[in-house]
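Protein chains in written order, with the working numbering: chain A, 1 to 176; chain B, 1001 to 1640; chain C, 2001 to 2229.
Quick caveat, the hints were computed from the structure, so don't treat them as lab data. Just so we're clear, the structure is a prediction, and the values are computed from it rather than from any experiment. Misleading hints may appear alongside valid ones.
[As the list claims (entries may be wrong)] For lysine to any residue, the following SDA-like pairs were computed, each having C-alpha atoms within a straight-line distance of at most 20 Å:
1. A/K113 / C/V2220
2. A/K113 / C/A2119
3. A/K27 / A/Y41
4. B/K1419 / B/L1390
5. B/K1440 / B/A1354
6. A/K113 / C/R2181
7. A/K113 / C/V2222
8. A/K113 / A/Q164
9. B/K1419 / B/C1373
10. A/K113 / C/Q2132
11. A/K67 / A/A94
12. B/K1440 / B/S1382
13. A/K113 / A/Q128
14. A/K67 / A/A42
15. B/K1412 / B/S1382
[Unchecked claim] Ranges between beta-carbon positions, derived for each pair:
16. B/D1269 / A/G166: 28 to 34 Å
17. C/L2113 / B/A1029: 39 to 45 Å
18. C/H2202 / A/L168: 20 to 26 Å
19. C/T2005 / A/L168: 39 to 45 Å
20. C/H2202 / B/S1108: 37 to 43 Å
Where a beta carbon is used, it is the ideal one built from N, C-alpha and C, also for glycine.
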Amino acid sequence: MSTSQALLALLEVEPAHGYTLKHRYDKRFAGATPIAFGQVYAALSRFEQQGLASVSEVESGSHPERKRYEITPDGVTRIDEWVASAERPTLYSASALYAKVSVALMSGRPADKVLERQRDVHMVRMRQLTEQRRTASVAGLLAITFELNHLDADLRWIDEAGQQLGQLRSDTGSTR
Amino acid sequence: MRARVVLGLRLAGLGSPRGAGRFGGLRTAMVTVSATVGTSLLLGVAAISRSELAMKPEQFDTPGMKVLLASVVAVIALPVLVLAATAGRLSASLRDRRLANLRLLGLSPSSTRVVSAVETGVAAVLGSVLGLLAFLAVRPGLLAWHPAGREWTAGTLRPSIGDYILALILVPLAVVGISSMPQRLSGHDSMATARKTAQHRPPFWRLAPLLIGAILASYVIATATDTAPSYDQLAAFMFSGMILLGIGMILAVPIFVRLVADGLVRCTDRPTLMIAGRRLQAQPAATSRVVAGLLIGLFIVTGARALVVAFEDTEQYQAEARIQNTGQLGSLQVRAADAPEVAQRARQTDGVRATATVARLRTGSCAHGSSNCLQALVGTCSELRLIMPLKGPCREDRAQWLIEPDDVPFTKPLPPQLKWHILPEGPQVFIVAVPTPEQKLHVTGASPMSGDQVFLPENLIDSEPASRITDVEVVVAAEPGREVTGIMVQLAGSGAVQSWTGPGTYYYDFVSGLRTLVWAIAAVILSVGLLSFAIAAIDRGIARREEVMSLLLAGVSARTLRRTQWIETSLPLAAGTVLAIGLGLLAGASYLAFGRILEQLPWRQTMTLAGISAASAALVAALTVVASNPRIRPELIRSE
Amino acid sequence: MNESTLTIDAQDVHLSYGQTPALRGVSLICRTGESVALMGPSGSGKSSLLHCLAGVLRPDGGQLTVAGARLDTLSERARSQLRLSRLGMVFQFGNLIPELTLLENVMLPLQLLGERAVAARPRALALLGRLQVAEVSTRLAGEVSGGEAQRAAVARALVHEPAVLFADEPTGALDTASADRVLDSLLGLARETGSTVVLVTHENRIAAHCDRLLSIRDGVMVAHDAVTG
């Protein structure tokens, strides 16, 4: 889910062909595993169907690479909504959170707010789990502590990122 | 090797104050100060002892004096050693932990010992050298000051080479040796020991020597006047009793401290007393060590004071003491014609109480140096009373024997009349015949003008022979407490006086000097012992800062904490001091009872010493409490 | 909000160490019986805030009411007495007197408040039992394990049923399992005695035990989360 949001956000920065988009994504978000071309093209055509992006230029031929996409106002709204909402604090929220913070930084949206919102939500979940711990069975305990440790790791990154943002702010006067 | 030495120096804070940790510099300073005090004291005492020995009157028994002085040195040495030990063991657990860390780094045990020895040793040696310099600096002051009336000379007031070497080696050795002794390394171990100490019944067998010594001493005191136990047996009981009392007291100190601690814990509901008691239970060793050093010193001093009484029992001392109280006597030898004028002048002199004009006669046989020589004093009864203390009535119409205590009665048969030669005997001898005395006149104390066996009232001598008496003595009695020597010198300035003699106060001065010295030593022991005690107490207080801070934060009032620490510090010391002095008194009493002069036991002075010691202990304890208690300060909280 | 349900009411509290400001206008409230975690990076002022709230340090400015007392106006002695009678404190280290047994340590606050040993002992023992250290209550405090000692420290802090319990990294020296146990006991017991808890920590997992989280940075409070279930 966050992959498409990231692609859309990249499109918001600058309209692009699929090929260029894939490389930008790899550079910024992919880490070790690059995204497949097929996934990019599929996402782009989905965006076009949902009205989040539109084709701005077509070169001759039917190859998907011939099309140039740009974001629509609806698309921008979608990104706004995504950035403004916290991820559900599950075990697999880490990469999505990272993506969200990067997108916020990239697009000039307030990244520190992203971190704060996420922190609150994470803490609520941690409290729930801590409460459940008291009456859990042995098997249940394993699952609970597993999740607790990961949430804790997320929170530690949130704290660290927050400090780095603070450093960045004092260095450059902005969070770009 | 070099690296270890350098590390030791750094840990001591030399070269880099931070290397020593927060209180390391303070600790090094305290080690140095202790070594300085210890060395200068030992040297001072050695010098004084040798001087006393060189200048004592011949009558005083040399072995006895040597024993007294040796025990004086030992008695000073003990608290000095305790001071050194306390300094060496400062911040012991902290240092042990640091040394344990060095071991973890891979330093061998011997290397660690080298580091530790250097850390402490440098400061100790430095302090010792400073002590030597301090002694040399103070020595001129001692010579000029004439303490206790002593006129020490530069020739006598000096320690021997052996003394110097001993002091310079012994003190640092004691500090380093004791500081290198391994202590419990982990807090856990010390807690386990504390638990064992708190749980175990005190090993009562340790009290045995003390009890046996007390029984022996009491036996000697009780039976000394009977004839049943033999002299040798009694002597054996007395000496062994004294030794057992001394040794027994050392053994008994830890039990004593533990009893005090147990009492505090069990018999009270108040938390301050309970905390103090538990802390005492947990750390008996440190407290016992310091307390023992002080107590031994006080024990021996108290005993020594009683021993000095034996010196006070000698004739010479008593005579001189008596006249100190009734007034010193001096005599001027003048021509009979000048006597009234000289006597008049003497009476008008400031400080003179009365005068007596007397003459002396001898029986003829004195001239030939035989043993039948008798000497008579010619004067009135009132003049006789001025010169010597009499018991019973004095007659002006008979010649009387003058019997002094311990006098052997004259057994040779005598003619009904004695021929007395008028002195001085010239080419012509003038004789006065007087009936042989039959009455006895008892002289109740030794008199400096002894030597006269007969009293001839002057109106027994007819005027004609009396006019032959050309040389007389004007005896001048000064007011009590007055020095008569100065008066004599003043009166002797006129040409009429042929010669004069003053009182011998040598014995009196010497013995009262001994007495003063014993008290001075007691003061030194007390000070050094209390210094050790204060250092150890402050060290303990500092080690507890964290705990005390957390209690302060929890709301326990500072006053409560101070009170707890004061009780823990002062109680064993004050009680132990009184105990030590009491036992010392017991030992001394047995000695005096043995010598049949128990009634001269110096009660009041000893009780005063006990009172002063207990009060000093309480005061020093209060000072250490103030010095080591943290107060809530924001910087302190921040660092914790 | 009803004033009487507020155990802690801080308004614009300032504190400086010499020239260095530690608290620059901190305001917060705590309701009776709730547990609050106070988090922040080192140097943020969280310990200073805790010490002000506990009456250890007097603020330089602002108003501070804790357990009904105006801490910004009381003398040192009055604050000390307040700490002894109405507040409880637990630290990371050094809570107990090592030469006393656990039981004697827990009895201490009661005895210092004037209770006799016969009355204090059963109360202390009951509390130690609740914290599952009754079996070692007769061992010396210096002999027991870290977890046991901290639980005894919690007992000592709560034995006199204080209005507020202040804890400064109480589980910092413990492993995770022991830390969880100590914290559960602490909060459970505090709930029973109706004590408010203010807990300073830098660990999220510890903070998750509390009802609320307050964050402080550079001497000021940053956004706190509301009470959520």
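Results of checking the hints against the structure:
no.: 1; hint: A/K113 / C/V2220; result: holds, 18 Å
no.: 2; hint: A/K113 / C/A2119; result: violated, 55 Å
no.: 3; hint: A/K27 / A/Y41; result: holds, 17 Å
no.: 4; hint: B/K1419 / B/L1390; result: violated, 26 Å
no.: 5; hint: B/K1440 / B/A1354; result: violated, 26 Å
no.: 6; hint: A/K113 / C/R2181; result: violated, 34 Å
no.: 7; hint: A/K113 / C/V2222; result: holds, 12 Å
no.: 8; hint: A/K113 / A/Q164; result: holds, 14 Å
no.: 9; hint: B/K1419 / B/C1373; result: holds, 11 Å
no.: 10; hint: A/K113 / C/Q2132; result: violated, 44 Å
no.: 11; hint: A/K67 / A/A94; result: violated, 33 Å
no.: 12; hint: B/K1440 / B/S1382; result: holds, 17 Å
no.: 13; hint: A/K113 / A/Q128; result: violated, 23 Å
no.: 14; hint: A/K67 / A/A42; result: holds, 13 Å
no.: 15; hint: B/K1412 / B/S1382; result: violated, 30 Å
no.: 16; hint: B/D1269 / A/G166: 28 to 34 Å; result: violated, 56 Å
no.: 17; hint: C/L2113 / B/A1029: 39 to 45 Å; result: holds, 42 Å
no.: 18; hint: C/H2202 / A/L168: 20 to 26 Å; result: holds, 23 Å
no.: 19; hint: C/T2005 / A/L168: 39 to 45 Å; result: holds, 42 Å
no.: 20; hint: C/H2202 / B/S1108: 37 to 43 Å; result: holds, 41 Å
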